[in-house]
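On the provided structure of chain E, position chain X as indicated by the hints.
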Amino acid sequence: MLVLGPVNVLNDLLLRFFSQETINFFIWPLIQIGLVVTLVALWVAYATYLERKISAFIQARLGPMRVGPWGLLQPIADGLKLLVKEDFIPENADRWIFFFAPYIAVASAFIVFSVIPFGPDWAVIADVNIGLLLVLAVSSVGVLALILAGWSSNSKYALLGGLRSSAQMVSYEVAMGLALIGALMFARTLSLSGIIIAQGSDSIWYVLYQPAGFLLFLISGIAENNRAPFDLPEAESELVAGFHTEYSGMRWSLFFMAEYAAMVVVSAVAATVYLGGWYFPFVYRLELAGHHNLYVLVSLLVFLVKVSIILYIYFWLRWTLPRFRYDQLMDIGWKWLIPSALINIALSAIAIFLVQALNGWRGMRTIETLDRGLNLTASGKVIMIVIGFAGLFITAALLSRINWRSRDFNLKTQRRNIRLVNLPKGKPAVSASEV
Amino acid sequence: MHQVEIATTQETLLDSPEMVLNMGPQHPSTHGVLRVVLRLDGETVIDLDCDIGYLHRGMEKIAENRMYTMIAPYWDRLDYIAAVSNGLVWVETVEQMMGLPVPPRAHYLRTILTELNRIASHLLWLATHALDIGAVTVLLWALREREEILKIFERQFGARLTCHAWRVGGMPNDAYDDFDKDVRQFANNFPKRLDEYETVLSENRIWLSRTVGIGVISGTEAIAIGLSGPALRGSGVPWDVRKSRPYAAYADMDFDVPLGENGDTYDRYLVRLEEMRQSRRIIVQALENLPDGPVNAKLPKVVKPPVGDYYHSIEGPKGEIGCYLVSDGTAQPYRVRVRPPSFVNLQALKQMCVGHLVADVVAIIGTLDIVLGEIDR
Chain E
1 MLVLGPVNVL
11 NDLLLRFFSQ
21 ETINFFIWPL
31 IQIGLVVTLV
41 ALWVAYATYL
51 ERKISAFIQA
61 RLGPMRVGPW
71 GLLQPIADGL
81 KLLVKEDFIP
91 ENADRWIFFF
101 APYIAVASAF
111 IVFSVIPFGP
121 DWAVIADVNI
131 GLLLVLAVSS
141 VGVLALILAG
151 WSSNSKYALL
161 GGLRSSAQMV
171 SYEVAMGLAL
181 IGALMFARTL
191 SLSGIIIAQG
201 SDSIWYVLYQ
211 PAGFLLFLIS
221 GIAENNRAPF
231 DLPEAESELV
241 AGFHTEYSGM
251 RWSLFFMAEY
261 AAMVVVSAVA
271 ATVYLGGWYF
281 PFVYRLELAG
291 HHNLYVLVSL
301 LVFLVKVSII
311 LYIYFWLRWT
321 LPRFRYDQLM
331 DIGWKWLIPS
341 ALINIALSAI
351 AIFLVQALNG
361 WRGMRTIETL
371 DRGLNLTASG
381 KVIMIVIGFA
391 GLFITAALLS
401 RINWRSRDFN
411 LKTQRRNIRL
421 VNLPKGKPAV
431 SASEV
Chain X
1 MHQVEIATTQ
11 ETLLDSPEMV
21 LNMGPQHPST
31 HGVLRVVLRL
41 DGETVIDLDC
51 DIGYLHRGME
61 KIAENRMYTM
71 IAPYWDRLDY
81 IAAVSNGLVW
91 VETVEQMMGL
101 PVPPRAHYLR
111 TILTELNRIA
121 SHLLWLATHA
131 LDIGAVTVLL
141 WALREREEIL
151 KIFERQFGAR
161 LTCHAWRVGG
171 MPNDAYDDFD
181 KDVRQFANNF
191 PKRLDEYETV
201 LSENRIWLSR
211 TVGIGVISGT
221 EAIAIGLSGP
231 ALRGSGVPWD
241 VRKSRPYAAY
251 ADMDFDVPLG
261 ENGDTYDRYL
271 VRLEEMRQSR
281 RIIVQALENL
291 PDGPVNAKLP
301 KVVKPPVGDY
311 YHSIEGPKGE
321 IGCYLVSDGT
331 AQPYRVRVRP
341 PSFVNLQALK
351 QMCVGHLVAD
361 VVAIIGTLDI
371 VLGEIDR
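Protein sequences appear in the order of chains E and X. In terms of my numbering, the first sequence opens at residue 1 and continues consecutively. In terms of my numbering, the second sequence opens at residue 1 and continues consecutively.
Keep in mind that the hints are not guaranteed to be accurate.
Stated by the list, open to error - Between beta-carbon pairs, the in silico distance windows are:
no. : chain 1 : residue 1 : chain 2 : residue 2 : range
1   : X       : 351       : E       : 77        : 45 to 51 Å
2   : X       : 151       : E       : 42        : 31 to 37 Å
3   : X       : 151       : E       : 249       : 37 to 43 Å
4   : X       : 193       : E       : 66        : 26 to 32 Å
5   : E       : 400       : X       : 41        : 31 to 37 Å
6   : X       : 218       : E       : 77        : 35 to 41 Å
7   : X       : 161       : E       : 249       : 30 to 36 Å
8   : X       : 19        : E       : 77        : 35 to 41 Å
9   : E       : 249       : X       : 80        : 46 to 52 Å
By construction, these hints were calculated from the structure, which means they are not laboratory data. Just so you know, even glycine gets a beta-carbon here, dropped at the ideal spot from N, CA and C.
Only chain E is shown next, with the shape it has when bound in the complex:
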């Protein structure tokens, strides 16, 4: 094949030194890991560039324009600058923990990329059969880094930031995990590639079956990543910079990279589970026509586009919305997101039960096969999508009923507007009794 001809040449070259088994299980994964780490690091760097550009366009300005054409070299210049900056460690800090916390953050964010299916076949490093569980587990290790950084800095702002982040990430992890369960009931597997294949063989994206689940996952993902409007751990106006107040230079930028990498991870998982990952209609025809590597590359591109769209939503929200307060954030997590995730699970179970019950009722066929996840016929899909979107309203209605007494529920209707008074001119000062 034209695109990846050199790959075969390289394989032949390696065969002179190693056995084919060593190459398959050791050398190729190493090359893949190197490629993924490099490309993801670059991607993360350019995500900062994109964020700055998009925020600039939202705010009626230009953004970086000076370094390279349209400021395209800005992330590289920033990286270089941060590398040569002083790596300052405060006198009373817990040196070793302070030293290692950024590495934990960045490692936990990057390890997750090992199971992310960027494309079919060779475009995924490891297709683990508990992929999704691994993603959730490893990304929660990132919380540890934030707590350690906040604690070891020996600064009150950093400590408050660390405390906030631990509470926030622990509560939103729950909502995030619960939101995914609905989709997993359709896919019947935890392998990320398996989830994509299940959607491909069913010719559907699970966002249609699980609109509520998708929204819940996205919201709790934003909160899990400490992004605005949930960026309390690093709330600039209150806590200066939160847990990384005392960090500088490369160590600070490692936290920064970890944040963006974690953002890419959540976007990638959302794209995989709800938007069909690298699956896109008609792309499979390339494989049928024998262009295997081209098929992989196009699928990879499809995946990147989907992830970018979700990343754009991240940026968009950040530069539009004000920040929540700490107690409100906890309210949203425990009073809204977790109950709605539970309702979503129940509704999905009911939907699947209904579709299975209807299969064979008065000659109706709703299920095609159960081998590769739940594959439905057209009528089955219609039922599922209708229940899915009805579920949005059912969830919203139930939760408003539960939460309608809470203070923050409907603030706008609770209050009258200000009044305009045309005061008489030259009237002396008011007394308290007139108020």
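Only chain X this time, still in chain E's reference frame:
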């Protein structure tokens, strides 16, 4: 001196669940060099103390050693966000003490330009207040509009921030040629832009939940503390110096005063937004009725107010800014005292903050709209 003692020993830190957090003087959202010492239980504020004076320049003392006409530019440095209003209070105090007949055209131009300054100041307040609560985009949108006003100032006064706008007896020079066009253009664009900010904030659930019921102060309490300006009117007290003791050309203007109901941060936000609209209304009216004539009164060679004392105040963007002047009949004042609205408004901080969270302290400092240059003088 401070009511909140800073717990420094290990023992006190470990024994109590309380923590003392030192906010400022270097902090992104204390609006300058305000230092606030917070005593926290978790994140709830249980006590609070303000420490000011980091920007003290001895303005009032300096004024005792300057001629009357030389003091006006110092007054620009009090509340540097609203330099035009501050300059006005000084020249008007001297003029009224001396009984100088200021020509009507100067009065009208003063009205237009101070109202433009009020809008500029409120826009900067909106920008920083929204930034404190986390809406970063509003900052740049508001600064874009403020820029239009600063351009007008630059062409009229030659400076953008500390304008030295007025002279005793009138204005240094008449309005520049395109003044009318520029101001009209701004007045035409402005309401649309203001509506834009409202779509981002006023109905926003997060904005509502961050501002409704935060920093509540009742009208009686507000009067007791001595609040003025939007902070007072947000609590529903109908008091506006422009109405009660009209100065410049405000007696001829037709405008409304917005009053809040609940005295919380959201009400003060709405009041300030509405004040911007009313300011625009005043500007358009003054521009329509702008009289012709000179802009300067005939002054004696040396400005020497008669022996005695005099108090005059105007409605600055932050509140009532006043000037108490004691003259001994020489060319220099015997004593000058500024009534600083930000300083008085800041006194309400403790009452408003206790029981709220750290994040609310930032929102409340924002809603009080303080400028440290004026607090410390």
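For this structure, which hints from the list above don't hold up?
2, 6, 9
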